Amino acid sequence: MKQWLIICLCVGSFVSCSKNDGPETQLAPDITVTDDTQLSTDTNAPKDVERPENDLLNTGDSSEESDTTTVGEDIKTTPDSKGVEQDSDGPPPECTPANQAEICKDFNNCTDDLCVAGQCENPAIVGCCKLDKECDDGVPCTVDECNSVKGECIHSLEDNNCCLSTDDCFDGDPCTNEICIAHICVRPQNADCPCVLNSLCNDNNPCTEDQCIKKVCSYSLKGADSCCVKNTDCDDGKAGNYDGCQQGLCWHAPLNCSQNSDCSNTDPCVTATCSNGQCNYQEQSNCCAANADCSDGLTGTEDLCMNGECVYLIAAPKLCTN
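Here the sequence shown stands for residues 18 to 339, numbered as in the numbering used here.
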């Protein structure tokens with residue numbers, strides 16, 4: 018039995034050695050064949066081959082993989098800030114008016130994104146805000162806030178008596194005149210309209226009794242000797258005095274003087290000067306202490322004294338039923 022086995026091995030070895038008449042095939046010296054290695058006659062089938070550790074094609078650990086493949090001269094690419102890959106050693110892409118919104122964007126709502134002569138510029142926008150304190154408008158009755166998303170200041174009125182213009186004072190009542198004075202709404206009663214309350218007849222004069230009688234405003238002096246409506250109400254009959262009416266109260270000043278300070282004056286609507294030993298008192302135009310100080314001579318206007326100044330409003334149309 019052993020003899021037949023030896024003969025078969027010899028014959029098999031002879032056939033495998035003489036089967037290929039072509040040139041002898043040499044195995045690569047770095048390929049290791051073990052007893053467990055399976056040889057296949059299929060030349061297209063993949064073969065398990067051990068590669069050296071320094072083999073450039075060795076995949077190894079995925080964490081050690083390089084983002085850069087070297088073939089000949091090294092070429093390195095890096096993404097720019099816009100997500101577009103460009104040569105890391107080269108200049109950034111040039112901007113144009115067509116792409117300035119994308120290329121020149123600096124993500125700042127208070128700057129413009131512009132392309133000027135191929136270069137990005139981001140000038141500040143005048144009036145743009147980031148904080149509430151940048152929106153102070155100097156008006157005490159407004160709430161000043163900054164819309165940081167749009168970079169815009171918002172000024173809200175605290176109540177219906179606060180105003181930035183006369184339009185903010187409109188109340189829809191045809192018997193009131195609306196006016197904005199020093200950012201405060203004033204709504205005096207229209208003289209051509211019937212009154213219903215005494216408070217609607219206020220003439221801002223402390224010396225008058227303001228009453229609504231039969232739906233008509235009536236004003237009468239309270240009777241005090243010092244109360245007045247106009248300067249002539251204060252005449253004391255003394256030739257050496259100047260008689261004036263200030264905020265409904267009479268005041269008297271000397272006429273003789275040697276300097277301006279001798280000409281006492283408590284009326285803000287009167288300018289006092291000393292000239293040639295005589296005090297001169299000049300009333301300022303459009304200045305007032307009460308409604309009675311204001312008169313434009315027109316029947317179609319409401320004559321009012323507001324904060325020391327005369328205001329003349331066009332009277333609203335009379336109410337009618339037919």
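There could be a bad hint or two in this list.
DMTMM-like mimics (lysine to aspartate or glutamate), calculated; alpha carbons at most 25 Å apart, straight line [to be verified]: (1) LYS167 - ASP209; (2) LYS247 - GLU326; (3) LYS231 - ASP253; (4) LYS147 - ASP129; (5) LYS150 - GLU175; (6) LYS232 - ASP253; (7) LYS167 - ASP129.
Label-pair restraints from in silico Cβ distances [what the hints assert, rightly or not]: (8) ASP176 - GLY135: 48 to 56 Å; (9) SER237 - SER182: 29 to 37 Å; (10) SER292 - SER182: 27 to 35 Å; (11) GLN301 - CYS137: 19 to 27 Å; (12) SER182 - THR249: 22 to 30 Å.
By construction, these hints were calculated from the structure, which means they are not laboratory data. What you are looking at is a predicted structure, and each value in this text was computed from that prediction instead of being measured. Quick reminder that beta carbons are idealized off the backbone N, C-alpha and C, glycines included.
Outcome of the hint check:
| no. | hint | result |
| --- | --- | --- |
| 1 | LYS167 - ASP209 | violated (48 Å) |
| 2 | LYS247 - GLU326 | holds (15 Å) |
| 3 | LYS231 - ASP253 | violated (36 Å) |
| 4 | LYS147 - ASP129 | holds (15 Å) |
| 5 | LYS150 - GLU175 | holds (17 Å) |
| 6 | LYS232 - ASP253 | violated (36 Å) |
| 7 | LYS167 - ASP129 | holds (13 Å) |
| 8 | ASP176 - GLY135: 48 to 56 Å | holds (54 Å) |
| 9 | SER237 - SER182: 29 to 37 Å | holds (36 Å) |
| 10 | SER292 - SER182: 27 to 35 Å | violated (43 Å) |
| 11 | GLN301 - CYS137: 19 to 27 Å | violated (59 Å) |
| 12 | SER182 - THR249: 22 to 30 Å | violated (38 Å) |
Comparing the model with each earlier hint shows violations of hints 1, 3, 6, 10, 11 and 12; every other hint is respected.
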